[in-house]
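Here are the chains, one letter per residue:
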Amino acid sequence: MAEITLNDRTEEQRRFNTRVFVIGGIILLLFGVLIARLVHLQLLEYQKFQTRSEQNRIQVQPVAPRRGLIYDRGGVLVADNRPIHNLAVVKELTGDVDAMLGRLNTLIHLDEADVAELHKRVKRRRRPFEAVVLRSHLTEAERAALAVHRHELPGVEILSDSVRHYPFGELLAHTLGSVRRINEADMQRLDPVMYAGTEFMGKLGVEKFYERSLHGRVGYQQVEVDVHGRIRKELDVDHPVAGVDLTLHLDLDLQVAADAALGPRRGSIVALDARTGGILAMVSKPSYDPNTFITGISQTDYNALLMARNRPMFNRAINGRYAPGSTFKMAVGLAALTTGVTTWEESIYDRGFFRLPGQRRIFRDWSWQRGNSGGQGAVDLNRAIYRSSNVYFYTMASRMKIDPFAGFVAQLGFGQPVGVDVADESTGLLPDSAWKRKVRNEIWYPGDSINLGIGQGNLLVTPLQLASYVNVIANRGRVVRPRMLKDSSSELDEDFAIPKAGTVAGLSADDWEKMVDAMENVVHRGNLGWRQAGTAWPYIGQDIAYRMAGKSGTAQVVEIKQGTTYNEKELDEYNRKHAWFVAFAPADDPLISVAVLVENGGGGSGVAAPVAREVIDAWVLPRLLTTQQSVAANTSAGTGAGQ
Amino acid sequence: MNIDFVRTLRTGGTVPEQARQRIELLPEPVLMPLLLTLMCCGLGVLYSALHGQTEGLSSQGIKFGVGFMIMFVVAHVHPREFLRFGPLLYLGGIFLLVLVLLIGDVAKGGQRWLEIGPIPRFQPSELLKLAVPLTVAWYLHDRPQPVRFRDICVALLIMVVPAGLVIVQPDLGTGLLILAAGGSVLFLAGLPWIYPLAAVGSFAAAAPVLWNFLHEYQQRRILTLFDPESDPLGAGWNIIQSTTAIGSGGLTGKGVLQGTQSGLDFLPEAQTDFILAVIGEEFGFVGAIGFLVLYLLIIARSMYIAMVARRNFDRLVAGSIGVTFFVYVFVNVGMVCGLLPVVGVPLPLVSYGGTSALTLLFTFGVLISIYKHRNN
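Listed in order, the protein sequences are those of chains A and B.
The numbering of the first sequence is our numbering, which starts it at 1 and goes up by one.
The numbering of the second sequence is our numbering, which starts it at 644 and goes up by one.
These are computed hints drawn from the structure, not numbers from a lab.
Predicted model, so just to flag it, every value in this text is computed and none were measured.
You may find that some hints are simply not true.
Output of the computed footprint for chain A on chain B, the stretches with three or more beta carbons under 8 Å from beta carbons of chain A [to be verified]:
(1) 829-843
(2) 884-890
Cβ-to-Cβ under 7 Å is the rule here; a few derived chain B residues that face chain A [what the hints assert, rightly or not]:
(3) Phe792
(4) Gly893
(5) Met946
(6) Met950
(7) Arg958
(8) Phe969
(9) Cys980
Quick reminder that beta carbons are idealized off the backbone N, C-alpha and C, glycines included.
Extracted from the complex, chain A is given alone in its bound form (with noise of 0.2 Å):
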C-alpha cells in the first residue's frame, strides 16, 4: 500500500516536473522575444527613435470649427464671429513664469484675476507646449507694445481666435440666448474630442437649443514641432467642418419696433407669423449686453445683473409665468361652448358680483372700483368678451367641471411645453383637480374654479404660451407650432420633428368665427356709449385701418382681500397688476398675432394694448399697403393709396 502510494506521488512528481520544464523552456522563449525587441528597438534603431524622439516630435492639435452663423428672415446677420487676439503663454519655453509676467506687466494691464487663472491652468494636465491663455481681447495698441518687444519675452504668442459676436447685443440678447464660456461641470458632460479647442457653447435660447448642429465637426493637424515648440511641418490635416448657419423667422425691424413700443417698461413681446407659427419678434426687457460675457465680465458686475430687482437676465418671454388674466376668457367661452353649459344665444344678468349658492364670499367685476358699478347688465358670450365681463365668465366656470374644462383648455396650449426651438421654456401651470390633490393635497372645490374662469387662480402661463393661444384662434382652432428656425444650410443634427399641426376638437367653424367676432368688437366696437364699446377701443380702436381682433387682461399680483379696494397708489411697485393684450391682425387672414406683457403697467386695454397695436401697425400697414396698392394698379391708376 505504502510502496504503491510513492510510486504513483513521484511518478505524479515526475510528470508535473516535466510540465513546469516545458514551461519554462516556453517561458525563456518568449522572454527571450521580449529581450530581442528592446535590442532592436533600444540598441540597433536606437537612432531613429532619438531623432523622432529629439528633433522632431509629432503633436496632433484640434482645429476648432467656425460656430454657425445665424441671420434673421431679412438675411440680416445677428450672430457672427469674430477675430480677436489672445496673449498666451508656453510654460516650457518662458522659463521663470514670474519673471516673465513682470516683463509683460511693464507692456500691458494685467489683472490679477488673470494671473491667478494662469497659475491655475498651467498646473493643470495639458499637451506639451500647449499655450495657456492669458489675456484674450487684446486691444490694437497692446498688439503694438507687444510686438515691438517680442524677443524679450520668449515664450509669449499673440493667438488669433475667433469668438461669437452679437452685433445688435441687448435687443436680441433673449431672442437669440447665447454661448457661454465652457466651464469644468459642461466638460463631464460634452464629448471632449469635438469640443477640443473650442472655449464657448450655446448655453441659452436658440444657440442652445441648436447647439450641436451650430457647433460643427472639429478638425485636426497633425504636426511636426521642433524643440521650442514650433510647428516645423503639417504632416496631415483633417479639416474641421463649420457650423451650420441658420436663418430665423425673426424680422429685425419688427423687433426693434416692438422694442422701441415696450420703450424703457419692464414686460415681454411674442409676435408670430400667423400661418406659420414662426417667431417674427420676441422682445424680454429690460435686457443685458450678452457680449460681456465673451469678453469677460467682471465678478462684480456679474453679480449685479444676476441681483437686480429687475433680473435683465431673465427672459420673461419664454420663463416669465405669469397669470393671464381676462385675455384667457375665449379659452373659457370656447370650453363652455364644448362642455354644452352655454350657447352663443344664451344671456345672463350681471349684477357687478357673483356668488356661489349658499356662500358669502363675493367676486366681483373689474368694473368695481370703490362700490359696486353695477355690472354689465345682460350679457351673452360676444359681450362678455368685448366688456371683458368677469361674472359672465365666473358664471360658466361654476358650471363646468373642472377636469373637462382644463381638459379642453390644455388643446389650446395652457399647461403645455410649446414645442419651440428655444431651449428651457417654462411650461405654466393649468391647475386641474389631480394637481391639486398632489400639490395641496385636497379636492378640488367649486370655489377654486371661479377664479380661474377669470384667468386668476393659480393658472400660469409664459408670453410665449399666450401667443401660440391667440394664434390658434386666428387659425380658427388650428394649432401652429411657434418656431425660430426658417431654414438652415445644411442638413440639422437636432431631431427636431415638426409636432404635427393639430386641430382643436368640439368646436364648429362658426363658433370660431363668432370669437373673433367678439374680439373685433373688443378694439372696434365704438361711438356707442360707455356700456357698449369695447374694452380696448378708447384706446386703440379709433383711426385704424385694419380689422384688428384682441383682448385685454389685467392679473393680479397679490390678493385683494374681501372688502377692501385696490389702490394702485399705494402698492409697491412690483405689486401692481400686470398688463397683457393678445391681438392678432387683420382679423379675417391674419398675418401677425401677437401678446404683450407689461409687467406691473396696469391695465391691459390702456397699457398694454397701444403696445399691441404699434407692434401690429409695424407689421400689417406696409403689408396692406403693398396689396393696396397692387389692387389700385390693377384698376385704376393714379389715386396714390400711400397718401
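We have chain A; now place chain B onto it with these hints.
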C-alpha cells in the same frame, strides 16, 4: 521513505496541526525580497510617470503596504483552506460578474466596476484571476492521471464561463489572463499533449471566424499592430509613441524625469498600462532588462515552489500562479513594444492602480503559504 509515508497519512488524516503554526517574519526567503525590490523600483518609475507628483505616489505606496500585509496574512493560512474556499470564491465571483453586467458602472468604455454599499469600487473580474485556477485545481487535484476527456470538459467549462463574462464587459485583457490561469492548471495537471497542439491548430484555423466576434476597436488594435502609421491619430498613436519612447531611451536612458515622450504627455496612459515605455525611455535598455530579469526571477521562484510542493493541489496552484504572472508581463511588455495588440493589461506591481496590485499580492500570499506549508 517511512517518514514520508507517515506524513501522507497525517495530511490525509483528520487531526489538524494548528499547534505547529507559528508566525514567521520571513515565511519565504527569496520571493518576498524579490517582490519588495520590484515594488520599490515600480514606485520609483511611477514617480517619474506622474511627473514628480507625490499624491498618486503615496496612494500607490499605501496600497502596496496594505497588499503586502494581506500577503503576509494569507501566507500563514494553510493551503487546505484555499482548497476549501476556492470554489466558494469562484461562485461569488461569478455572481458579482453577472451583477456587473446588470448594474455595473461604465468607465472608459467598459463596464467593469462595481460599487456596493460601503465597499470601495472594485472590479470583480480581478477576483476570478485567482478563483479560476483555485477551482480548476480543486476539481483536478484528485482526478486520475492522465486527465480524462470528461474532466477536461468540466475544467474548460469552469474557466470559459467567467472568461466569457469578463470578455463581454468588454475586458479582453483580463479575460485572457483568466483563461491563461485556468489553462495552465489544466496543462500542469497532465493534459495529454494532443490537446494543446490541437488547440493551437484549431485556433489558427478558427482565427478568421473569431475575428468577426471581436469588437471593432479590438480589430483596429490588431490591425494597427502591423501598420501603426495607418491610424496615427487613433489606436496607432499609442504604439508609435511608446516605441519611440522606448527606442529613444537607448542603452542607459535619459535619466529620471528627463523622458520627453512621457514627461511631455505624448505618451497616453504613461502611468498605467504604458509605464514600461517610461522605464525604457528614462532608464534605457539596462533599466528595461533589469525589470525583465526581476520578473524572470519571480517567475522562476514560483515554478520552484510549485516543484517542491507535495500536494497535487498546491503544485497546480503554484505553477498556475507563476504562469499567469508571466502572461501578465509578456502581454504588457509585448503590447508596449508593439509586438502584441493593445489590450488592457497592466505591468504587474509597477503600473498605477490598486485592485490589480492587491489581487497580485494576495496571489503571492497563496504562493508563499504553499511554500511555507510544503512539509505539513
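Against chain A, with CB atoms and a cut of 7 Å, does the hint on Gly893(B) hold up? Because about 5 Å separates Gly893(B) from the closest Cβ in chain A, which is inside the 7 Å limit, the hint holds.
With a Cβ-Cβ cutoff of 8 Å, does the segment 829-843 of chain B contain at least three residues near chain A? holds (count 3)
Once the shortest beta carbon distance from Met950(B) to chain A is found, is it less than 7 Å? 6 Å, holds
Close enough to count: is the Cβ of Arg958(B) nearer than 7 Å to one in chain A? At about 6 Å, which falls below the 7 Å cut-off, the nearest Cβ of chain A leaves the hint on Arg958(B) intact, so it holds.
Three or more residues of the segment 884-890 of chain B near chain A by CB distance under 8 Å? That given contact holds, which follows from 5 residues of the segment 884-890 of chain B lying within Cβ reach (below 8 Å) of chain A.
Taking the closest Cβ pair, is Met946(B) under 7 Å from chain A? 5 Å, holds
Is the shortest C-beta separation between Phe792(B) and chain A less than 7 Å? 18 Å, violated
Checking hints one by one. Is Cys980(B) an interface residue toward chain A, by the C-beta closer than 7 Å rule? 5 Å, holds
Mind checking the CB of Phe969(B) against every CB in chain A and telling me if the closest is under 7 Å? Where the cut-off is 7 Å and the nearest Cβ of chain A is about 5 Å from Phe969(B), the hint holds.
Checked against the numbered hints above, the structure breaks only hint 3 and satisfies the rest.
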